[in-house]
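Given the coordinates of chain A, work out where chain B should sit on it, guided by the hints.
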Amino acid sequence: MTDLRLEQEEIEISKKDKLTKYKEKGLKIFFLLNGILAIIVLAGIFYLLLSEGLPTFEEVSIREFFTSFRWNPTSRNPGYGILSLVISTLAVTIGALLFSVPVGIAAAAYLAEVARPKEREILKPVIEILASIPSVVIGFLGIVLLGPIIARTFGLSNGLNVINGSILLGVMALPTIISISEDAISAVPKEYKEASLALGTNRWHTLVKVTIPAALSGITAAIMLGMGRAIGETMAVLMATGNAPAVPRSIFSSIRTMTATIAIELGEVPFNTTHYHSLFAIGAVLFVMTFLVNLVSDLVLHKYGEGE
Amino acid sequence: MINLFSKKAVVLLVMLLTFSLIAVGCGGGDEVTGNIEVRGSDTMVNLGQSLAEAYMEEQTGVAVSVTGGGSGTGIAALIDDRVDIANVSRAMSESEIEQANNNNVDPFEVVIGMDGLAVFANQDLGIEELTMDEVGAIFRGEITNWSEVGGPDAEISMYGRQSNSGTYVFFRDNVLGDDFSDDVRRMNGTAQIVEGVRSDNRAIGYGGIGYTVDSNNEVEDGLTVISIALDEDSEYATPLEPENVETGEYPIARPLYNYFNGQPEGAQLDYIEFILSEAGQEVAVSTGFYPVSPEYQEFNAEQLQ
Numbered sequence: 131m132t133d134l135r136l137e138q139e140e141i142e143i144s145k146k147d148k149l150t151k152y153k154e155k156g157l158k159i160f161f162l163l164n165g166i167l168a169i170i171v172l173a174g175i176f177y178l179l180l181s182e183g184l185p186t187f188e189e190v191s192i193r194e195f196f197t198s199f200r201w202n203p204t205s206r207n208p209g210y211g212i213l214s215l216v217i218s219t220l221a222v223t224i225g226a227l228l229f230s231v232p233v234g235i236a237a238a239a240y241l242a243e244v245a246r247p248k249e250r251e252i253l254k255p256v257i258e259i260l261a262s263i264p265s266v267v268i269g270f271l272g273i274v275l276l277g278p279i280i281a282r283t284f285g286l287s288n289g290l291n292v293i294n295g296s297i298l299l300g301v302m303a304l305p306t307i308i309s310i311s312e313d314a315i316s317a318v319p320k321e322y323k324e325a326s327l328a329l330g331t332n333r334w335h336t337l338v339k340v341t342i343p344a345a346l347s348g349i350t351a352a353i354m355l356g357m358g359r360a361i362g363e364t365m366a367v368l369m370a371t372g373n374a375p376a377v378p379r380s381i382f383s384s385i386r387t388m389t390a391t392i393a394i395e396l397g398e399v400p401f402n403t404t405h406y407h408s409l410f411a412i413g414a415v416l417f418v419m420t421f422l423v424n425l426v427s428d429l430v431l432h433k434y435g436e437g438e
Numbered sequence: 017m018i019n020l021f022s023k024k025a026v027v028l029l030v031m032l033l034t035f036s037l038i039a040v041g042c043g044g045g046d047e048v049t050g051n052i053e054v055r056g057s058d059t060m061v062n063l064g065q066s067l068a069e070a071y072m073e074e075q076t077g078v079a080v081s082v083t084g085g086g087s088g089t090g091i092a093a094l095i096d097d098r099v100d101i102a103n104v105s106r107a108m109s110e111s112e113i114e115q116a117n118n119n120n121v122d123p124f125e126v127v128i129g130m131d132g133l134a135v136f137a138n139q140d141l142g143i144e145e146l147t148m149d150e151v152g153a154i155f156r157g158e159i160t161n162w163s164e165v166g167g168p169d170a171e172i173s174m175y176g177r178q179s180n181s182g183t184y185v186f187f188r189d190n191v192l193g194d195d196f197s198d199d200v201r202r203m204n205g206t207a208q209i210v211e212g213v214r215s216d217n218r219a220i221g222y223g224g225i226g227y228t229v230d231s232n233n234e235v236e237d238g239l240t241v242i243s244i245a246l247d248e249d250s251e252y253a254t255p256l257e258p259e260n261v262e263t264g265e266y267p268i269a270r271p272l273y274n275y276f277n278g279q280p281e282g283a284q285l286d287y288i289e290f291i292l293s294e295a296g297q298e299v300a301v302s303t304g305f306y307p308v309s310p311e312y313q314e315f316n317a318e319q320l321q
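From first to last, the protein sequence lines stand for chains A and B.
Offset between the first sequence (1-based) and the numbering used here: plus 130.
Offset between the second sequence (1-based) and the numbering used here: plus 16.
For the record, the hints were derived by calculation from the structure and aren't laboratory data.
Heads up, none of these hints are tricks.
Short derived list, chain B residues pointing at chain A, Cβ under 10 Å:
(1) Thr89
(2) Asp96
(3) Asn138
(4) Arg188
(5) Asp189
(6) Asp194
(7) Phe196
(8) Asn204
(9) Arg218
Cβ coordinates follow ideal geometry from the N, Cα and C atoms, glycine included.
Isolated chain A (complex conformation) (with noise of 0.2 Å):
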């Protein structure tokens, strides 16, 4: 008698086990396919850039595109030249890194080695609010704060140029480049720290001789992916630089970024016409940077996990 219930029991068992394979099973293609739901959105919006954006070069020649100084697609004479346009992008962005990166540094630094845990409780959060101010805000800032400032500072008669334009980039690539050196700092093993004091020198010297070199790694991806924003950015520089699409000759001058000529253009531009396609074009181009910049970033954080 017990041991047919024993059996059943058994049976019952088995059947549960089948039960939770299938659902298992079905979990796993699940999650699979929401996986690859990410892949296919990438591969499809490359796919929309090109298709999209290939077509201009049926009118425009890539030479003309890539090494010619003038845009103006509404111009009796059209010029599709999207040279100054980089650029003004990557003026921005350099200048935003300038700013960003020692500053960035210096705070993750600070939050990993030297605040105490109070310090660190209150400063995180904060920082992290920073990062989710939406990027009119800051570029409306960029007018009517920052720019006045800059135009008395340099004795300019605006402040809608390269510097403005950094410096709000910089601000906003500030919480990226933080809170990942951050955890690469705090991820450098004690012993590399001990070793150090233990050989008498200072916690100065310890971090800028061996905490923050062991950390190079990660601090370079958060580095990477700062930039990633900034080239991405739109809403802050198309407030903030002026919009003159002239090839910036330095740091005062007014610039259009990339982002910036997509945004306000693809909102006139009648649909599959050339200056429509050189649109997408310029998203191809920007979508190319900004990868590339992602995967050296992913590159470096790889070779930083292994390190580990």
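Coordinates of chain B only, in the frame set by chain A:
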């Protein structure tokens, strides 16, 4: 339980039917009904909205919605047949009409008012008069220092609209005759140009006259609206005197257009007739524009026959 539920459902259904019958009954008058969607010129947004409001007070059965974005935006929407009316502050180009025809859209042109374009500079510069040639040369980038036109020795800082703006195209075609200098800042709207010129003591900009004056028709602080002469032998005329624009003495005036897809009918016809009526033209004047000139009145009459 089930019984009760179905009773409730029946009551609800009856109520719904009654309401819908009432609603249908309301719509069934002799009045013109319909929705009209208007999009285009930022210069004309205020004008369009005031016209729509005045019209909807008279014709309660028609809903008119007006949005901006720039003349180019309106034209692009008309070409793609996404709006009923495009507000455009310049004439459509031949290539645009061709593109529209390719999309089975037949642009139909009506002039609904006139606009004088003001050229204005920062007050500190002390510049009050320029010829058309000088204005053109400044924005083409040929004159780059204020001392060349009688001002202080300072680099000229230029503000203008983005290329989707009808003001941009009109100014380029009628004042510059060639492309804008790449150093002109492309601002989002005329209000931003005014703001930029006020705060930049070497600046010059252009835009609808309505934007340069406040609600009391006084020129905004920090701006000088420049008097323009057609050439060196002509008189300088200021756009601040309405007669100068109406008589054509002020040289930078332009017609404002509405484009339809084909000859307007029904609600659209009723709307355009209202705009061209005395009441509609009064609305145009009260928002800082000018009535349709006799020359264009004739054109409209011919079009709408």
